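Using the sequences and the hints, build the whole thing.
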Amino acid sequence: MATENKTAKLTDLEQFRLDNGLALKEEPQLTTLNLGPTHPATHGIFQNILQMDGEKIVDAVPTIGYIHRAFEKIAERRPFYQITPLTDRMNYCSSPINNMGYHMTVEKLLGITVPKRAQYIRVIMMELARISDHLICNSILGVDSGAFTGFLYVMQEREHIYDIYEEVCGARLTTNMGRIGGMERDLSPKALHLIDEFLKRFPKVWAEFEKMLTRNRIFIDRTTDVGAISAERALSYGFTGPNLRATGVDYDVRVMNPYSSYEDFEFEIPVGSKGDTYDRFLVRNEEVWQSLKIIEQAYKNLPEGSYHADAPHYYLPPKQEVYRNMEALIYHFKIVMGEIDAPVGEVYHSVEGGNGELGFYLISDGGRTPYRLHFRRPCFIYYQAYTEMIKGGQLADAILTLSSLNVIAGELDA
Amino acid sequence: MELTNENVLGKIISQFGEENIWDAYTPDGIMTITTNRETIHELIKYLRDDKELQISFLTTMCGIHYPGKGDKEMCMMYQKHSLRHNYRIRIKVFMPASDPVMPTVTDLYATANWMEREAFDFYGFIFTGHPNLTRILNIEEMEYHPMLKQYPLEDQTREDKINTYFGR
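For the protein sequence lines, the chains are W and Z, in the order given. Going by this note's numbering, 214 is the number at position 214 of the first sequence; the sequence numbering is gapless. Going by this note's numbering, 20 is the number at position 20 of the second sequence; the sequence numbering is gapless.
Bear in mind the hints are in silico, worked out from the structure with no lab data behind them. Keep in mind that this is a model prediction, so the values were computed, not measured.
With a straight-line cut-off of 35 Å between C-alpha atoms, the simulated DSBU-like cross-links for lysine-lysine are: (1) Lys274(W) with Lys51(Z); (2) Lys149(Z) with Lys45(Z); (3) Lys92(Z) with Lys51(Z); (4) Lys190(W) with Lys108(W); (5) Lys45(Z) with Lys108(W); (6) Lys108(W) with Lys149(Z); (7) Lys108(W) with Lys51(Z); (8) Lys45(Z) with Lys391(W); (9) Lys319(W) with Lys300(W).
Written out as structure tokens, the structure reads:
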């Protein structure tokens, strides 16, 4: 009798399962989904093996190292100048910051003081790089949530930033900009003109881009509470940069340990409150405005003077001097052949990179190459939090979280 | 309390004793101290939890190899930062290459997970208690730890490269 009652309550599906000899209650079945290594939505080579319960992510196992190029090992064999191109290829969205961070580290080791004008030019270039980095990150976030227009619109501005790079150093993406001791050349009238044009044109573009997304209902719904992380967890995970500031911690290397005359400029450090994707978007947006403010100040107050330090042992002499002057010829030869020995020392220098504290730990044993050069790469350090951030969320949200973290494969794998 | 190299060193030594903390020097404004494997975990925990110091941010850690230095051949460097006081400190632990074993700090810092995996991958450090000590950037099949100084930049055992293509 009891059995009959129970059978009467069965649904069609349960009856079907009973008839076919299946267990009445379904065991939760997980799907394994391979996201990456090459996937159009990951913007770089990352693999994540996801365990999915329907649309929900239960677990993720990241695999990294697909573009590992052993920069730390290569750096142990190269003279100091030849390491700058390696740093380009770390965070290739903002390579001038990497170049100058590395140059400043070597200057710290050598005890070179860089003149004010060179420092200001560096600040202009680094802030342009920060704008181009944040611009990519935020516009890609728009693409991943379904708004393609803004991306193409601001991408044009990145081209203009690259035009400035081109005028200053000759290259666009992997810039190899500057020298140990300053810049390789002064800002040309054309470069100044391009910066001026950029400062006039860009605020309108960025305001329009912001208008498209910041108060956009769809965008807010897609990004609020997605990939959130608390300030305590973020600090434990070693977050720095915009991703840490989005959680509400106002740590910025530019303010805490000013380098390259950042103490001369007035700017604010935007912070978020929840540490979710929307907060990271807003923090980066505001940082672009602050960067613009810094560039404006540096451009207006650009000091007169030399664009490089007086350090003939390390700074390449001008080419026309090399042909006429014996000392210049000797220095040129020694620098190019990498025959200059650096002093014994151990330095750590960090700059505020596009994604956080980009640190260089350099040990010199007095030879022509570093004994050990360790890069503190912010992407490598915070990407390990990704698993924790996407657990329990949807697959589509995981993609947005990845874009908003701005993980750059080159920096991740070095 | 304003943190200076002197008073931080004084506090650490009074906590752990001179036999466990030695060789304090300041190469670039950041105080560098040396400790042993038995103390490192407690020291990192102490720096994090002490109310006066609050040196609670693990900035980075990396391995260094000094071939032919005997008991000081392998070095593990930890760099910590007090965001509260803007004070940085560097801690080094030396050990022989035959026994590069030290305790993990993954229970204190989530970020130590990949940093320690990187140190294992490139230098062969063994972190006891690490949840998943596997290679991270190199391939699993690799049989050596490539950042050790005895390995030249290019793998000399490779036979698939034809010298004439590379101008040799």
